[in-house]
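Make a model of the complete structure from these sequences and hints.
These protein sequence lines are chains L and D, in that order.
Residue 136 in my numbering is what sits at position 72 of the first sequence, and the numbering runs on without skipping anything.
Residue 15 in my numbering is what sits at position 24 of the second sequence, and the numbering runs on without skipping anything.
Watch out, some of these pointers could steer you wrong.
[Claimed, not checked] Lysine-lysine pairs mimicking DSBU-like chemistry, simulated, CA-CA at most 30 Å apart:
| # | chain 1 | residue 1 | chain 2 | residue 2 |
| --- | --- | --- | --- | --- |
| 1 | L | K120 | L | K66 |
| 2 | L | K106 | L | K120 |
| 3 | D | K48 | D | K0 |
| 4 | D | K0 | L | K120 |
| 5 | L | K66 | L | K106 |
| 6 | L | K134 | L | K66 |
| 7 | L | K131 | D | K48 |
| 8 | L | K134 | D | K0 |
| 9 | D | K48 | L | K106 |
| 10 | D | K0 | L | K131 |
| 11 | L | K120 | L | K134 |
| 12 | L | K120 | L | K131 |
| 13 | L | K66 | L | K131 |
Keep in mind that the hints were calculated from the coordinates and are not lab data.
Predicted, not measured: the structure shown is a model, and the values here were computed from it.
Take a look at the letters that make up each chain.
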Amino acid sequence: QKEVEQDPGPLSVPEGAIVSLNCTYSNSAFQYFMWYRQYSRKGPELLMYTYSSGNKEDGRFTAQVDKSSKYISLFIRDSQPSDSATYLCAMSGISNFGNEKLTFGTGTRLTIIP
Amino acid sequence: DSGVTQTPKHLITATGQRVTLRCSPRSGDLSVYWYQQSLDQGLQFLIQYYNGEERAKGNILERFSAQQFPDLHSELNLSSLELGDSALYFCASSVRGGGFQETQYFGPGTRLLVL
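Listed below in structure tokens is the structure:
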């Protein structure tokens, strides 16, 4: 079993819809949770990161973490065609050395239909 | 544009060969990370260097090695290549070596095809 599971999709939704992307994980040591966006033929770029449980909002994006269920979500409101990309969740533990590696999900390919 | 550059963009080679991928981090960034991205495994962390020294190791095969030079650019060497090594190889950089605490800026990747 992989440490991080993510539905690969593809997911197609009409423009303006609310998108929900999710990941589950098995490692209780994960404390920091991130979402990356990757456009076709580009490197991933960090969208949001959260620590421990709770919500974080940034514009049209909301990240949620439920550590009790080992489940994280990214919501995109008022989705736009420019949001079409692959979304990768990533997570990390914590150490005094600051060298905890990121463990990524396989990514969900999202298409917003105009 | 993240400021991280990678060369070459594409590489086609044969099984058993050796290749070198190059990465230049963003100006001022001391840490370099290497990742492999394949369709079935997703993005896998390979290795991290901080200011010339190895800092963390992930799922890097013994056939693979990396180094970071005094000018902070890094090279990933892949030898005895197999078909399964075909993937996208990304380099990322961050200011220090803080992993999650710092944003990692990814380069555009090198697409390796082993025939």
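Structure-based check of all given hints:
1. For the proposed pair L/K120 and L/K66, the alpha carbon gap of about 26 Å is at most 30 Å, so the pair holds.
2. With a C-alpha separation of about 26 Å, the suggested pairing of L/K106 with L/K120 holds against the 30 Å cut-off.
3. Our distance criterion of 30 Å between C-alpha atoms is met by D/K48 and D/K0, whose separation comes to about 24 Å.
4. With a CA separation close to 36 Å, the supplied pair D/K0 and L/K120 exceeds the 30 Å bound.
5. A threshold of 30 Å between alpha carbons decides the hint, and for L/K66 with L/K106 the separation of about 25 Å falls inside it, so the pair holds.
6. As the CA atoms of L/K134 and L/K66 are separated by approximately 13 Å, the hinted pair is consistent with the 30 Å bound.
7. Restraint check for L/K131 and D/K48: satisfied, since their Cα atoms lie roughly 26 Å apart, inside the 30 Å limit.
8. Distance check on the hinted pair: L/K134 and D/K0 sit about 37 Å apart at the alpha-carbon level, beyond 30 Å; violated.
9. Among the hinted pairs, D/K48 with L/K106 is consistent with the structure: their alpha-carbon atoms are about 24 Å apart, no more than 30 Å.
10. Our distance criterion of 30 Å between C-alpha atoms is broken by D/K0 and L/K131, whose separation comes to about 39 Å.
11. Of the pairs offered as hints, the one joining L/K120 and L/K134 holds, with about 17 Å between alpha carbons and a cut-off of 30 Å not exceeded.
12. A C-alpha spacing of about 14 Å is found between L/K120 and L/K131, which places the hinted pair at or below 30 Å, so the restraint holds.
13. Between L/K66 and L/K131, the direct Cα distance comes to roughly 17 Å. Compliance with the 30 Å bound is thereby established for this hinted pair.
Hint compliance for this structure: hints 4, 8, 10 are broken, all remaining hints hold.
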